[in-house]
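Chain by chain, the residues run as shown.
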Amino acid sequence: MLIDTFLYHFGRYVLLLKSAVAKPKRFSMYYKETIRQMDAIGVGSVFIVILISMFIGMVTAVQFADQLGDSFIPSYYIGYIVRDITIIEMAPTITCLVLAGKVGSNLAAEIGGMRQKEHIDAMEIMGVNTAAYLIMPKIIAAVFVIPLLVAISAFISIIGGYVATVLPGTLSHTEYVLGLRAFFVPRYVFMMFVKAAVFAFLLTSVSCYLGYYVKGGSIELGEASTNAVVVSNVLILLFDFLIALILT
Amino acid sequence: MIRTVDIEKSFGDTEVLKGITTEFYTGKPNLIIGASGAGKTVLLKLLIGLFKPTSGSVFYGDTDIFKLDDKELRKLRMQIGMLFQGNALFDSMTVGENIRFPMDMFTRRTLKEKTMRIDQCLEMVNMEGINNRYPSEVSGGMQKRVGIARAMVLEPKYLFCDEPNSGLDPQTSILIDELICDLTTRNNITTVINTHDMNSVMGIGDNIILMKDGRLVWQGDKSQVLESDNQTLEDFIFASPFLRRLREDALALRHQGDK
Chain A
0 MLIDTFLYHF GRYVLLLKSA VAKPKRFSMY YKETIRQMDA IGVGSVFIVI
50 LISMFIGMVT AVQFADQLGD SFIPSYYIGY IVRDITIIEM APTITCLVLA
100 GKVGSNLAAE IGGMRQKEHI DAMEIMGVNT AAYLIMPKII AAVFVIPLLV
150 AISAFISIIG GYVATVLPGT LSHTEYVLGL RAFFVPRYVF MMFVKAAVFA
200 FLLTSVSCYL GYYVKGGSIE LGEASTNAVV VSNVLILLFD FLIALILT
Chain S
0 MIRTVDIEKS FGDTEVLKGI TTEFYTGKPN LIIGASGAGK TVLLKLLIGL
50 FKPTSGSVFY GDTDIFKLDD KELRKLRMQI GMLFQGNALF DSMTVGENIR
100 FPMDMFTRRT LKEKTMRIDQ CLEMVNMEGI NNRYPSEVSG GMQKRVGIAR
150 AMVLEPKYLF CDEPNSGLDP QTSILIDELI CDLTTRNNIT TVINTHDMNS
200 VMGIGDNIIL MKDGRLVWQG DKSQVLESDN QTLEDFIFAS PFLRRLREDA
250 LALRHQGDK
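In the order they appear, the protein sequences are chains A and S. Taking numbering that gives the first Met the number 0, the leading residue of the first sequence gets 0, the next gets one more, and so forth. Taking numbering that gives the first Met the number 0, the leading residue of the second sequence gets 0, the next gets one more, and so forth.
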């Protein structure tokens with residue numbers, strides 16, 4: 000039963016994406032919509048990303064400083080740990096989990112609302128490929144913008160670590176910067192961007208799918224919006240594991 | 000002309016349409032009437048290809064729309080205008096932007112040409128000067144007119160209206176009916192209207208299709224409604240004692256005139 004449901008949704012999801020990949024009838028309309036989505040997803044999420052990233056960096060630094068205690072591990076390791084945890088895991092994963100809540104639920108509600116108000120039917124009857132017009136610009140916008148948000152997140156987290164450890168005097172500026180520059184592996188940055196792009200694709204496409212096929216009234220729309228967040232989060236964590244397996 | 004041949008449609012075990020074979024004529028309003036749950040909306044959605052039939056065909060001229068691939072169907076749909084029951088106007092766009100949307104999508108007209116066409120369409124529905132207002136800022140009747148203007152902007156060959164009078168007062172309903180009828184005859188298009196408004200039936204019913212429990216039970220024009228002895232039609236149209244009395248008076252008058 001569960002497998003049946005999974006296969007049904009997976010098949011329909013793939014078919015929707017297939018019809019979304021189409022040559023635009025009027026490129027300028029799709030371009031405008033993509034820019035609008037970049038603004039909504041990117042600029043609209045900067046504040047929340049900065050806020051959570053700051054705290055992630057601060058908490059990571061403070062907790063690692065506490066773990067180090069009086070051990071033999073040099074204190075500059077705090078900067079090193081904050082940097083690597085941020086780049087490898089915290090920035091892409093936590094940012095995308097938060098964005099799944101903010102952007103994913105919003106996309107599912109937006110497209111679901113259009114379905115319920117017959118806007119999608121109206122466009123279909125006009126001859127518009129609604130999957131392509133409504134979904135593809137959102138995916139393209141997210142895949143471009145979310146990696147940038149993740150990069151901002153990584154940067155702010157590292158600053159957060161600095162604020163939480165250097166300002167109270169737990170370690171010096173020089174030690175923190177030394178830690179940041181120690182044992183740097185450029186591949187981790189590549190991994191961060193791969194994760195960000197994959198998560199961006201997952202959270203937008205899944206949310207759009209759930210909104211596109213919503214049926215019923217406001218309760219079902221609410222459910223679709225919630226499911227968009229839950230399913231996106233589970234998939235983000237699953238793919239986080241798979242990417243870690245493949246790229247490490 | 001649109002033709003349906005033996006259309007059947009089921010949702011799970013529920014048979015919604017049972018062998019509908021009929022024609023919708025060009026240049027005159029074609030009305031689908033029937034009680035709620037009779038299958039009118041399903042038939043309308045089948046006619047525009049939003050639903051696929053369990054069996055049977057829908058022909059636009061000689062083209063069976065269910066044999067078209069997605070691309071060909073989209074091309075055909077560019078010749079279709081549709082007025083939805085709830086108007087389906089994009090609420091984040093102004094009236095002008097709503098009407099411009101199909102032109103932005105499918106034409107290479109300049110902004111000036113598009114603006115001219117928007118004004119033309121709004122004039123056609125007697126709604127000049129509301130280009131910059133949002134759908135939520137105009138009344139239900141005005142929204143219907145804007146919906147008609149949007150449906151007509153690309154000069155469609157086929158116009159579909161789902162309950163165009165729902166939620167409107169009788170006077171506005173009559174105006175909307177007259178407008179649709181006028182556009183149909185003036186532009187020689189095939190118009191299909193799904194309604195259960197009796198004013199529409201008796202006012203613009205040049206080809207009326209009565210449905211009951213998914214079957215076509217009667218077809219004729221408004222002049223045949225009074226004389227028909229079809230019990231379903233009688234029960235549906237002259238449902239109240241007042242209307243039955245009105246019908247008897249009208250028939251009596253007609254017979255007097257004949258003598």
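To be clear, the hints were calculated from the coordinates, so they are not data collected in a lab. A quick note: this is a predicted structure, and the numbers were derived from the prediction, not measured. Please note that a few of the clues may not be correct.
[To be verified] Listed next, with one range per pair, are the computed distances between beta-carbon atoms:
1) S:GLY36 / A:LYS22: 39 to 45 Å
2) A:VAL45 / S:ASP118: 17 to 23 Å
3) A:LYS214 / S:GLU7: 21 to 27 Å
4) A:GLY221 / S:LEU49: 24 to 30 Å
5) A:ILE2 / S:GLU127: 58 to 64 Å
6) A:LEU1 / S:GLU71: 49 to 55 Å
7) A:LEU1 / S:SER35: 56 to 62 Å
8) S:THR109 / A:LYS22: 22 to 28 Å
9) S:LYS51 / A:VAL13: 33 to 39 Å
[What the hints assert, rightly or not] Chain S stretches covered by chain A per the calculated footprint, using a threshold of three residues with CB under 8 Å from any CB of chain A:
10) 66–74
11) 85–96
12) 179–187
Backbone N, C-alpha and C define an ideal beta-carbon position, used for all residues, glycine too.
Verification of the supplied hints:
1. S:GLY36 / A:LYS22: 39 to 45 Å: 42 Å, holds
2. A:VAL45 / S:ASP118: 17 to 23 Å: 41 Å, violated
3. A:LYS214 / S:GLU7: 21 to 27 Å: 23 Å, holds
4. A:GLY221 / S:LEU49: 24 to 30 Å: 25 Å, holds
5. A:ILE2 / S:GLU127: 58 to 64 Å: 59 Å, holds
6. A:LEU1 / S:GLU71: 49 to 55 Å: Distance hint for A:LEU1, S:GLU71 is violated at roughly 38 Å.
7. A:LEU1 / S:SER35: 56 to 62 Å: 37 Å, violated
8. S:THR109 / A:LYS22: 22 to 28 Å: 23 Å, holds
9. S:LYS51 / A:VAL13: 33 to 39 Å: 20 Å Cβ-Cβ, so the 33 to 39 Å window is violated.
10. 66–74: Holds: 3 residues of the segment 66–74 of chain S have a Cβ under 8 Å from chain A.
11. 85–96: Holds: 4 residues of the segment 85–96 of chain S have a Cβ under 8 Å from chain A.
12. 179–187: Check failed, 0 qualifying residues.
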